[in-house]
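Chains as they are written, first to last, in the numbering used here: chain A, 1 to 795; chain B, 1 to 138.
In case anyone wonders, no lab produced these hints; they're calculated from the structure. Please note that the accuracy of each hint is not assured.
What the hints assert, rightly or not - Straight-line distance between alpha carbons at most 20 Å, and here's what the computed DMTMM-like set of lysine to aspartate or glutamate pairs gives:
#  : chain 1 : residue 1 : chain 2 : residue 2
1  : A       : Lys554    : A       : Glu542
2  : A       : Lys295    : A       : Asp318
3  : A       : Lys434    : A       : Asp359
4  : A       : Lys362    : A       : Glu442
5  : A       : Lys358    : A       : Glu449
6  : A       : Lys772    : B       : Glu137
7  : A       : Lys369    : A       : Glu442
8  : A       : Lys772    : B       : Glu65
9  : A       : Lys295    : A       : Asp534
10 : A       : Lys772    : B       : Glu56
11 : B       : Lys109    : A       : Glu733
If you want the building blocks of each chain, they are given just below.
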Amino acid sequence: MLIAVLLLFALALAAPLIDRAAGRWTGAVLALGPLAAFLIIARWLPDVAAGETITQVHAWADALDIRLSFYLDGLSLMFALLISGIGTLIVFYAGTYLEGDPRRGRFYAWLLIFMASMLGLVLADNIISMFIFWELTSVSSYFLIGYDHHRESARKSALQAMLVTGGGGLALLAGLIMLGVAAGSMEVSQIINEGEVLREHAWYLPIVILVFAGCFTKSAQFPFHFWLPNAMEAPTPVSAYLHSSTMVKAGVYLLARLNPALGATDVWLYTLVIFGGVTMLVGAYLAIRQVYLKKILAYSTVSALGVLVFLTGLSNVDSPEAAQYAGKAFAVFLLAHALYKATLFLVAGTITHETGEKDVTKLGGLRRKMPLTALAAALAGASMAGLPPFFGFLGKELLLDTTVKNPDWMLPLTIAAGVAGFLFVIVALLIAVKPFWGALKETAQHPHEAPFAMWFGPALLGSLSLLFGLFLNPLARPIIEPTASAVMGVPQEVKLALWHGINLPLMISVAAVVLGILAFLGLPIISRILKPFDALNRIGPERGYYALFNGTLKLASFQTRLLQSGYLRVYLFITITMSVGLIGWQILQLDVLPIVDQFREIEVVPFVIENLYTLIVAALILIGTFGAVHSRSRLSAIASLGVVGYGVALIYIIHGAPDLAITQFLIETLTVILFVLVFYHLPQFPRISSVPARVRDLVVSVAAGVMMTVLVLIATNLETEKISDYFAENSYELGQGRNIVNVILVDFRSMDTLGEIVVLVIAAVGVLALLKLKPPREQERKNNPHEADGREEAS
Amino acid sequence: MSSLILRTAIRYLFPIIVLFSIFLLLRGHDEPGGGFIGGLLGATAFALFAIGYSVETSRRMLRFELHQLMGFGLLMATLSGVVGLILGEPFLSSAWIEIPIPGRPEPFKLATYLFFDIGVYLVVLSITLMIVYALAEE
Numbered sequence: 001m002l003i004a005v006l007l008l009f010a011l012a013l014a015a016p017l018i019d020r021a022a023g024r025w026t027g028a029v030l031a032l033g034p035l036a037a038f039l040i041i042a043r044w045l046p047d048v049a050a051g052e053t054i055t056q057v058h059a060w061a062d063a064l065d066i067r068l069s070f071y072l073d074g075l076s077l078m079f080a081l082l083i084s085g086i087g088t089l090i091v092f093y094a095g096t097y098l099e100g101d102p103r104r105g106r107f108y109a110w111l112l113i114f115m116a117s118m119l120g121l122v123l124a125d126n127i128i129s130m131f132i133f134w135e136l137t138s139v140s141s142y143f144l145i146g147y148d149h150h151r152e153s154a155r156k157s158a159l160q161a162m163l164v165t166g167g168g169g170l171a172l173l174a175g176l177i178m179l180g181v182a183a184g185s186m187e188v189s190q191i192i193n194e195g196e197v198l199r200e201h202a203w204y205l206p207i208v209i210l211v212f213a214g215c216f217t218k219s220a221q222f223p224f225h226f227w228l229p230n231a232m233e234a235p236t237p238v239s240a241y242l243h244s245s246t247m248v249k250a251g252v253y254l255l256a257r258l259n260p261a262l263g264a265t266d267v268w269l270y271t272l273v274i275f276g277g278v279t280m281l282v283g284a285y286l287a288i289r290q291v292y293l294k295k296i297l298a299y300s301t302v303s304a305l306g307v308l309v310f311l312t313g314l315s316n317v318d319s320p321e322a323a324q325y326a327g328k329a330f331a332v333f334l335l336a337h338a339l340y341k342a343t344l345f346l347v348a349g350t351i352t353h354e355t356g357e358k359d360v361t362k363l364g365g366l367r368r369k370m371p372l373t374a375l376a377a378a379l380a381g382a383s384m385a386g387l388p389p390f391f392g393f394l395g396k397e398l399l400l401d402t403t404v405k406n407p408d409w410m411l412p413l414t415i416a417a418g419v420a421g422f423l424f425v426i427v428a429l430l431i432a433v434k435p436f437w438g439a440l441k442e443t444a445q446h447p448h449e450a451p452f453a454m455w456f457g458p459a460l461l462g463s464l465s466l467l468f469g470l471f472l473n474p475l476a477r478p479i480i481e482p483t484a485s486a487v488m489g490v491p492q493e494v495k496l497a498l499w500h501g502i503n504l505p506l507m508i509s510v511a512a513v514v515l516g517i518l519a520f521l522g523l524p525i526i527s528r529i530l531k532p533f534d535a536l537n538r539i540g541p542e543r544g545y546y547a548l549f550n551g552t553l554k555l556a557s558f559q560t561r562l563l564q565s566g567y568l569r570v571y572l573f574i575t576i577t578m579s580v581g582l583i584g585w586q587i588l589q590l591d592v593l594p595i596v597d598q599f600r601e602i603e604v605v606p607f608v609i610e611n612l613y614t615l616i617v618a619a620l621i622l623i624g625t626f627g628a629v630h631s632r633s634r635l636s637a638i639a640s641l642g643v644v645g646y647g648v649a650l651i652y653i654i655h656g657a658p659d660l661a662i663t664q665f666l667i668e669t670l671t672v673i674l675f676v677l678v679f680y681h682l683p684q685f686p687r688i689s690s691v692p693a694r695v696r697d698l699v700v701s702v703a704a705g706v707m708m709t710v711l712v713l714i715a716t717n718l719e720t721e722k723i724s725d726y727f728a729e730n731s732y733e734l735g736q737g738r739n740i741v742n743v744i745l746v747d748f749r750s751m752d753t754l755g756e757i758v759v760l761v762i763a764a765v766g767v768l769a770l771l772k773l774k775p776p777r778e779q780e781r782k783n784n785p786h787e788a789d790g791r792e793e794a795s
Numbered sequence: 001m002s003s004l005i006l007r008t009a010i011r012y013l014f015p016i017i018v019l020f021s022i023f024l025l026l027r028g029h030d031e032p033g034g035g036f037i038g039g040l041l042g043a044t045a046f047a048l049f050a051i052g053y054s055v056e057t058s059r060r061m062l063r064f065e066l067h068q069l070m071g072f073g074l075l076m077a078t079l080s081g082v083v084g085l086i087l088g089e090p091f092l093s094s095a096w097i098e099i100p101i102p103g104r105p106e107p108f109k110l111a112t113y114l115f116f117d118i119g120v121y122l123v124v125l126s127i128t129l130m131i132v133y134a135l136a137e138e
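Just need the whole structure built from these sequences, with the hints factored in.
As structure tokens, then:
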């Protein structure tokens, strides 16, 4: 499984180069990567279908219980196949969709990073690895949503998605760590067996709340649903992939994954059923209030995610029969939705690509111009509307079966599910019928049938919606059964049949379809009636997001004004007094008498003879310090500081630390170079401090000096085992080097070094940005306002 | 600063300093030196060009854009750690192959820590120069 994930990461790095080399074949070439991942994972299908689970462990940081371990059961297999399978078609599609776009290479890099992370997320066994992949999907989706970064709305939506899912991610991290500690294992495969321990644990409630925070934000549950429709700023292949079949399902995945461990309590059941149910209805209602193709699909996705959360919740009801139905319905609906939603998104992309029109009310009659796309749309639409014998029909039947079988709450749950089904029919008709049937409407561009790569994916996925429905037991069951088992936590035996007899769910289905068609025909009238209610959107949860967002900015500027004076002396003053205060307070708690006693034992003459060189250099350093403080010119002050610096380097040499000495010499030299560069630009060197200020500085600096001296004395007198002995002994044995300092840097503590250079690079990027982001000069702005603005945006 | 003495001196000093910085980088594992020190010294060489001639000249001598060097260095250091991972050890564990060199008692060790150190070298060099250039261009 590691190979599949690493392969995609490696391919992401190579994507820009491949894009340059392969030209118009890029999509096809790159699609081989996800295809390979699909085949690698599909190899395990027979084992998993037989009820086995597969675990693979790779060492990472064992001491911290962090491993790169993978776990494959029905649930992760289902997701992994969807991610790599749909991913293959998306990559193929995007090659043509973005034909001629100079940034296509970068696009592919991010898309493949996303795909690899998503695959890692669903395959990960260790919850810390899983969280890292989880965050990587947030980060890479930020770049994908903000792909058209010259548009403000794209940047804003990308940031919104990142902040909402990232904020939830932080809560999730806390929740996962508590979960791991409470369960006594960081591996999902073991946590799911610890349900009884977890439910009794004192941390159960906080864990569940934090996990909900992570999952609900990621999976766009009400009231965090607003970011998903905004994320439609992304190019359509991204929307089809991230915002229908993969990333937004990560939250659903985690809920289903932890369902056996955290489920079977009232909190779990009611929260999921209520939030899922509300999201299902709100999403579906908002979907039919949209006119833009992608927005309709986005809200219907929100609704579908609600259905999945709703079903996860219902798999915990007391009635075993209803619970089993919920598990089965979850698995079927998950697969059915992924197939038809990806198809419809791609179809929407193709329509807009060919006509230049996004508004569904201005489209019509395209079936003659684009027969294959129309066919794909019809197949997927029929599945979404829940018509037999499509796979979506089974999903909807099972959803209704679940609610009908519920002893409590049967009526409200069934009505909610029925209404959602009815709204889904309208959405399906809007996307799959409206643009293609009726009279041909004039559009900005002359529509033609899409190129092969752009109809192949939708047509294949659309056909699968039909094939899975027709061949339920040979095709769908091997994957549905283990998925339902994983969600329920106990092996399930699943029988799938389209025909359940004439019963209540079927009658509700028929009513939903009939009413849906009628409502679709009367949509213009219904829209007019519902229009006044759109004002409600303005007081929706998105306002809360903006209030928080602007509030944070205000708080940031307030505390910046408070703390950031812009004067180096103030910063130094604060930093030094704080460290002296905090460390000094700690030192006062220690018993320093034995250290003081040492000094009494020192005999002056032998000590001076033994340390003659050090003492001479120390005297030089002191003279340099006084010189720097008292000098009347900047040049001599700098030169005196140089004496101090080189003096310190000499002490390093005397005490046998050549590496430190060389570093110190180089830093001193570089300081001189930097000083030469700025020398002419600096103002005069007046004495600006008043006498009280100088006294204050004197006190602070003396206190700092005393504190450091005492600290060093304490540190050198500690009677503990020194780590330097270990390094000295093992440097050549383990690190193959005789220079201990270097072996520490590049081997024993190389992780620290890597962290440091990462920080350096981040700081450098910040410095560069600050220097380059200077506002354009007044004159330039007057001459050419557009160009000046453009540059600011670009950099 | 178009001092003839400085310019002439830089011309001769430059290759020596750069060679010495690479020397420090390569010997670093056994003797005093290493990527950090080497990078600082390398930056000094290019900084001298920026002072004696111009930032432009110095940039031309470098041939690569600073941010590219920086990213490349970071990538190299990270990838050197992946080798250990592939061999089944924790991330950043060293791995090496020994190449005997005729006439030398010890074989040359082509090791991942060498590439890690080269990465450090490039990052330190490019960041130092970034600050120097920024100040010089002000």
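Hints versus structure:
1. A:Lys554 / A:Glu542: Holds, at roughly 18 Å.
2. A:Lys295 / A:Asp318: 38 Å, violated
3. A:Lys434 / A:Asp359: 11 Å, holds
4. A:Lys362 / A:Glu442: Holds, at about 8 Å.
5. A:Lys358 / A:Glu449: 17 Å, holds
6. A:Lys772 / B:Glu137: 12 Å, holds
7. A:Lys369 / A:Glu442: Distance of about 12 Å is within 20 Å: holds.
8. A:Lys772 / B:Glu65: The hint holds at about 15 Å.
9. A:Lys295 / A:Asp534: Between Lys295 (chain A) and Asp534 (chain A) the Cα gap is close to 15 Å, so the pair holds against 20 Å.
10. A:Lys772 / B:Glu56: It holds: about 17 Å lies between the C-alpha atoms, which stays within 20 Å.
11. B:Lys109 / A:Glu733: At roughly 14 Å apart (the allowed maximum being 20 Å), Glu733 (chain A) and Lys109 (chain B) satisfy the hint.
Violated hints amount to a single one, hint 2; each of the other numbered hints is respected by the structure.
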